[in-house]
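Peer 1: Residue-level listing of the chains:
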Amino acid sequence: MQVYLVRERKKLNITAPDASTLLKKLNIPETTVLVIRNRQLIDEQTKLSKKDKITIFPVVSGG
Amino acid sequence: MCKNCKTNPVFALHSGARLCSSCFLDYFERKVKKTIKAYKMLDSTDKIGIAISGGKDSLALLHILNAIALQQRSLSLHPILIDEGIKNYREHTIKDAKAYCKKNNIPLTIASFKKEFGFTLDKLTKLLKDNPCTICGIFRRHLLNKTAHKLKLSRIATGHNLDDECQSILMNYFKPNLELSARLGPITGIIRHPSFAYRIKPLYFMHEKETAAYALIKKFSGKFVECPYSKESYRSKLRDMLNNFEAQFPGTKEGIISSFLALLPLLKEKYKTAGTELKLCRHCKEPCTLEICSACKLKEKIKGSLKYAKPKLRAVHK
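Which chain is which? The protein sequence lines are A and B, in order.
To convert, note that position 21 of the first sequence is 20 in numbering that gives the first Met the number 0; the numbers rise steadily by one, no gaps.
To convert, note that position 174 of the second sequence is 173 in numbering that gives the first Met the number 0; the numbers rise steadily by one, no gaps.
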């Protein structure tokens, strides 16, 4: 699936059965990001498919 | 499935409960209102200042307080935005703040470093060669309080969340500066002074991730902007450390807050009698604990640095 990391401005192709596993593969703590699938916010337990477009949005903003 | 209505979940709470967007918004607003009520943060006839940046936390806060003010007509809201002058960052959040306030018919007061101190933060950082977060913190607090004083506000609501508070608690332990910790908590300060609008933190028990999800669902801003100076800060290192620890040991942040709240009355009592009496600064007449406030000391430092600054920087000041 196509994954876009907003903070790093980086696109990746990577597969994972669910959002939690995806974040583990990317070494990103769950508390620091929101996962958006096809423009919809999802939680970490949500199952993913190869066709999904995922955006990893950082929760840290400001200073 | 959402634990309440069995539709698609968008957020998993710390407890593991999954919620759809509608139930999540409801959960978030209820919890913030519960904090406001539990700590008696609002009076029905208050003039409340709201420190806003246009970021996710402050717009979420403004949105919830505005909903309360629409029900309690005697409550008036006065958002204040401090423009520090940080290129490629602050202009984006100012745009979001202005758009929100215009849409909801709320008067917005903007105060800027450039107008008040003669320089943007970007220029001050070059001139003073100091940590930008230190300069920003001193001037931002000063300007916020001065503006609140001018507007005759009794208190200022800030968008500090549970993560921010955990970082501040640990920073003060590590530095060490326990006296500063005595001023933390859902309602800040140790003693009250008529010239000082004390701070209230309605988002005190909300995780940063929850606030981000709330702002995202509400579409307050679609753009991610991060302060360019934040990566250099001590706070940001602590934030990373806490997030890694929370990932390994869930509940860490709530544990820190819970232990801190149990200790807070003791800290407040200890530092109540430790020379924390508020005076008025000899120069600007704003409240402070010493003869001259930190902002006036910093202004003196700027004057001194200008003598040795490059002509281009001196010209900016003129």
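Treat the hints as calculated values from the structure; they're not laboratory data.
Any given hint could be a false lead.
[As the list claims (entries may be wrong)] PhoX-like cross-link-like pairs, simulated, lysine-lysine; straight-line CA separation at most 25 Å:
1) B:K222 x B:K97
2) B:K101 x B:K86
3) B:K145 x B:K298
4) B:K230 x A:K52
5) A:K24 x B:K236
6) B:K230 x A:K23
7) B:K230 x A:K9
8) A:K9 x B:K222
9) A:K10 x B:K218
10) A:K46 x B:K5
11) B:K39 x B:K298
12) A:K10 x B:K230
13) A:K9 x B:K236
14) B:K222 x B:K101
15) A:K52 x B:K151
16) B:K86 x A:K9
17) B:K218 x B:K86
18) B:K101 x A:K46
19) B:K33 x B:K145
20) B:K39 x B:K101
21) B:K145 x B:K114
22) B:K46 x B:K102
23) B:K218 x A:K9
[To be verified] Label pairs and their in silico Cβ distance ranges:
24) B:K114 x A:L11: 24 to 30 Å
25) A:K46 x B:K218: 24 to 30 Å
26) B:L265 x A:S48: 33 to 39 Å
27) A:S48 x B:Y38: 43 to 49 Å
28) B:S73 x A:D17: 45 to 51 Å
29) B:K149 x A:I13: 49 to 55 Å
[What the hints assert, rightly or not] Far from chain B, by Cβ distances over 12 Å, these chain A residues were calculated:
30) Q1
31) V5
32) R6
33) K10
34) L11
35) A15
36) S19
37) K23
38) P28
39) K49
40) K50
Since the model is a prediction, treat every value here as computed from it, not as a measurement.
C-beta: ideal position from N, C-alpha, C; glycine also.
Peer 1: Work down the list of hints and note, for each, if the structure agrees.
Peer 2: Verification of the hints:
no. : hint                       : in the structure
1   : B:K222 x B:K97             : holds, 15 Å
2   : B:K101 x B:K86             : holds, 23 Å
3   : B:K145 x B:K298            : holds, 15 Å
4   : B:K230 x A:K52             : violated, 29 Å
5   : A:K24 x B:K236             : holds, 22 Å
6   : B:K230 x A:K23             : holds, 23 Å
7   : B:K230 x A:K9              : holds, 19 Å
8   : A:K9 x B:K222              : holds, 16 Å
9   : A:K10 x B:K218             : holds, 23 Å
10  : A:K46 x B:K5               : holds, 16 Å
11  : B:K39 x B:K298             : violated, 37 Å
12  : A:K10 x B:K230             : holds, 22 Å
13  : A:K9 x B:K236              : holds, 23 Å
14  : B:K222 x B:K101            : holds, 19 Å
15  : A:K52 x B:K151             : violated, 50 Å
16  : B:K86 x A:K9               : holds, 23 Å
17  : B:K218 x B:K86             : holds, 24 Å
18  : B:K101 x A:K46             : violated, 40 Å
19  : B:K33 x B:K145             : violated, 30 Å
20  : B:K39 x B:K101             : violated, 29 Å
21  : B:K145 x B:K114            : holds, 13 Å
22  : B:K46 x B:K102             : holds, 21 Å
23  : B:K218 x A:K9              : holds, 23 Å
24  : B:K114 x A:L11: 24 to 30 Å : violated, 44 Å
25  : A:K46 x B:K218: 24 to 30 Å : holds, 26 Å
26  : B:L265 x A:S48: 33 to 39 Å : violated, 54 Å
27  : A:S48 x B:Y38: 43 to 49 Å  : holds, 45 Å
28  : B:S73 x A:D17: 45 to 51 Å  : holds, 49 Å
29  : B:K149 x A:I13: 49 to 55 Å : holds, 53 Å
30  : Q1                         : holds, 18 Å
31  : V5                         : violated, 5 Å
32  : R6                         : violated, 7 Å
33  : K10                        : holds, 15 Å
34  : L11                        : holds, 17 Å
35  : A15                        : holds, 16 Å
36  : S19                        : violated, 9 Å
37  : K23                        : violated, 10 Å
38  : P28                        : violated, 4 Å
39  : K49                        : holds, 20 Å
40  : K50                        : holds, 17 Å
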